[in-house]
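Asker: Now for the letters of each chain:
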Amino acid sequence: MRLHGSLAFILGMLLMLGIGWFAFPLALYETIDQPLQFSHKKHTGEQAGMSCEDCHGFREDGSFCGIPTLENCENCHSEPQGTSAAEKVLFKDYISKKREIPWLVYSRQPENVYFSHIQHVKLAEIKCERCHGPHGKSETLPPYQRNRISGYSRNIWGQSISGIPSAPWDGMKMDDCERCHAERRVGASCLGCHK
Amino acid sequence: MKIDRRHVLKFLGGSALGTALSPLPWKVLDDVSIWTQNWSWIPVPPKGETVIRHTTCALCPAGCGVKVRCIGTQPVALSGLPGHPTSHGFLCPGGLLGHHLPYDPRRITQPVRLDSAAHQSVSRSPEQILSDLGKALARLKTDASAGRFAIIDSLPGRSTSLAYRQLASQFPGGTYIVPADGIKKSLCVFNGVFGAAYPELGIDVERAGSILSFGADLFEGWGTPGRLLRKQQESDAGLRLTQIEPRYSNTAAMAESWLPIWPGTEPILALGLAGVIIREKAFNPGLSPAIDALNQISDFRDLLAALPPERTAEICGISAEAISRTAQEIAAHPPCLALLGGSYSGGPFGEDDYLSVNLLNLLTGALGAEGGLVPRRALPEIDPPVANLASPTDLAGVPDESIGFLMIDGTVARQSIPSAVLRRKLVRDKAVVVSFSSVATEYADLSHYVLPVPVYLEAFQEIPTAPDFPVAAFSFSVPLLSPPPAATSPVEWVNRLAGSARLDWAPLSTEALAEARIKAISGCKRGSVYSYADGAMKSNSDFASAEELGKAFRSGASWLDSAPDPVKPELTKLPYFQPETWGRLKRQVNQRIEVRSKPADETVTLMPFATAFVATASPLAGKLTRESDLYPRAGDALISPSTASRLALQEGQRAELETGKGRLGVRIRLNEAAVPGTVFVPISGSDADPRNLCEISEDSIWRATPAKLRRLDV
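Sequences listed follow chains A and B, in order. For reference, each letter of the first sequence is one residue, going 0 to 194 in numbering that gives the first Met the number 0. For reference, each letter of the second sequence is one residue, going 0 to 713 in numbering that gives the first Met the number 0.
Chain A with its partners taken away, still in its complex shape (with noise of 0.2 Å):
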């Protein structure tokens, strides 16, 4: 009888630890296809021979441009260069439309954050790859994955449901920032960050 009542609250335990540590992360984010699929691979390797910075750059004041506007897009894609699916949904749905592709950013912060690029890119020296990950070599887009809840990518949480980065660049949320900062030595104030 003790021993039915232990495995009835072993069962229970492992029930919920596989619902919180599996079944969970699973209903929390949802899936959402970028736009378009867009190879960084092809733009940064030797075809194009590109780097960050010809898209994702400064402007003359020293903010950053964030995201490509279609008119970057257009500086080589004004024809067609190739006949690939991705470059003629490019061409049919927004460069001939003049209308802006409407990406999903897997690193776009709360509102009350503000984050200096150059600061740290031309500052501290520090390549994109610590916080963005290989990005610039994929071949595809990796799918978006929105927090059903609070609204936001998975990216910033972390792939794992525990919020224990597997890599520098996963996570990308106050913590993480944090810790960088501690790692480095560099202080930080409230509205270093926050508007």
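Simulated from the structure, these hints should not be mistaken for lab results. Just so it is clear, CB atoms sit at the ideal spot from N, CA and C, and this is done for glycine as well. Among the hints, erroneous ones may be present.
Which chain A residues face chain B? A few, computed with CB under 10 Å, are given here [claimed, not checked]:
no.: 1; residue: Leu13
no.: 2; residue: Met15
no.: 3; residue: Leu27
no.: 4; residue: Ile31
no.: 5; residue: Tyr113
no.: 6; residue: Ile148
Mind docking chain B on chain A? Use the hints.
Answerer: Quick look at chain B alone, frame taken from chain A:
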């Protein structure tokens, strides 16, 4: 196997433990809290491109250059402009948070009629309010018993000030009141000493050899904040600053030495130091004839002889060694700037105090020297001049119970005058008080009407020369946001009121007055213009036209006058060389010594003081500083442990402060750095304002008031 209630309970217990050991509840909690930040009705800055714009801070007369980071058109962060010639990239905490002001929850968007007794607004349409005020103004012209018209200008020297002066001139006895700026007033001893071409003096603090501050809050609101901070950062020798005041203020904490003197003994210490300098012949060698002339005055000789270091030390509550050391220090590092604080916030000093402290500026050769008090030209006057202008008057020069209609420009909140000082100037029970303000709480206990005006970042405003700057300077605070529809400039309100009162009035406009000022600056061809956007300095004469100069001003620029040619002061014009000055000073000093020599009984000396600007500038910062105890709160009373012990008071206890003017409930805060026998109470705009308890003399001076402090038994 039979499943019974025990199995179910055990299963549920296991489930609860499993849930707690899984990320589910914790992640859901975290995400829900983030979700609550993203509700659609919570205001957030619009998404958009980051745009950098520039303006000049209008929160105080310093006029610091500001870089504004905007998302689209919305300012989201303010910072200093590193190359700015007067502020050098610094902004005070209040300036950094200036973009919060338009969202102050106390903001008014319509004219308000206040019932000051009931502390509430009365419903009345804007048309009715204008009509009421028009009738009250018209009555002043016909009924002599209604009292005089007066207007208080918190930031004189603007073109807007011309509109005020013109309005005042429309009424018999109309008075244009300029609140006594602490810096300007402290230098008025030297008015006219450099001739008519240089009516003002500036302070060359960057090149000063040493600084002796008598209660000037150098790091908390005095002058332009960036000037001293840059000097401190760049000078290997530091500031060589000696702070003399009864409280260990933030400025005292930043100084090389602090002399905690007894309240009210500042002029005695200044004269004691002057005596040491003269006896040891440590004064500027060029002043020997002047010192000989002074020594011919018997009251001068007697006064300084009566204040040797030992006696001065006894009166002031510090050591004789500290006095001798300070005298040697300032003589060794000339020129020494002797700066006297005092303002309507913490309590102004009297004319005799200014005379005593400025004697040190004379003796150390600071008058007219590099690193001292330097002659400064006035801003170029606009042409053609606005006709019929009332002359500026000090509040102290206005007779008591004489003002029947008072208008208050509350543009610069830091210059606020205590209500008790203003109330005694009003015709009892009949006066009408109108304030231009963005919030209904400004002078709320005094005003009958509040007319809404745009706040900083919404208003186009001229920034004339800062009181401390060594040369004339000018810039505009340009609007980056739209004000509420009913909030219009004070000049526009003046036009409407003049129309409502059927005055003989040609409407003025802020824009037209500003254009005239630009034309005047362009016409003088002197000085240079610093552009905020590219940091370039261009000669004024290189601008092809006034229009081109105006364009530069509107996109962010500061004009700085060229340094004047060396000019020698006419020392004989100074009041020091008149024997009656020393007779008066002698009487004043003896009175102070008498007060000081009275034995301490149950009384304490009440000293109001101003908290840092950050506590009042932004509603958010004010809340944070109050709740974090970063600064003393309204109603706190700072006393030394020895005073607390004498009065049987303890930390945190409720107590009552009583003077001849009334009572105030306070909370006791023990402070090791408060001079024994003194109670320091921060000023506030509320009913708990300690300034309302102060004894105000006929010349509108108060500073140290005897008070009783006793425990309130709960």
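Asker: With a cut-off of 10 Å, does the beta carbon of Met15 (chain A) approach a beta carbon of chain B closely enough for the hint to hold?
Answerer: 3 Å, holds
Asker: Against chain B, with CB atoms and a cut of 10 Å, does the hint on Ile31 (chain A) hold up?
Answerer: 17 Å, violated
Asker: Does Leu27 (chain A) meet its interface restraint, that is, does its C-beta lie within less than 10 Å of any C-beta in chain B?
Answerer: 7 Å, holds
Asker: Holds or violated: the hint that Ile148 (chain A) contacts chain B, with Cβ atoms closer than 10 Å.
Answerer: 4 Å, holds
Asker: Hint check: is the beta carbon of Leu13 (chain A) less than 10 Å from a beta carbon of chain B?
Answerer: Leu13 (chain A) check passes; min Cβ-Cβ to chain B is 7 Å, inside 10 Å.
Asker: If you take the shortest Cβ to Cβ gap from Tyr113 (chain A) to chain B, is it below 10 Å?
Answerer: Tyr113 (chain A) check passes; min Cβ-Cβ to chain B is 7 Å, inside 10 Å.
The structure fails to meet hint 4 from the earlier list, while all remaining hints are met.
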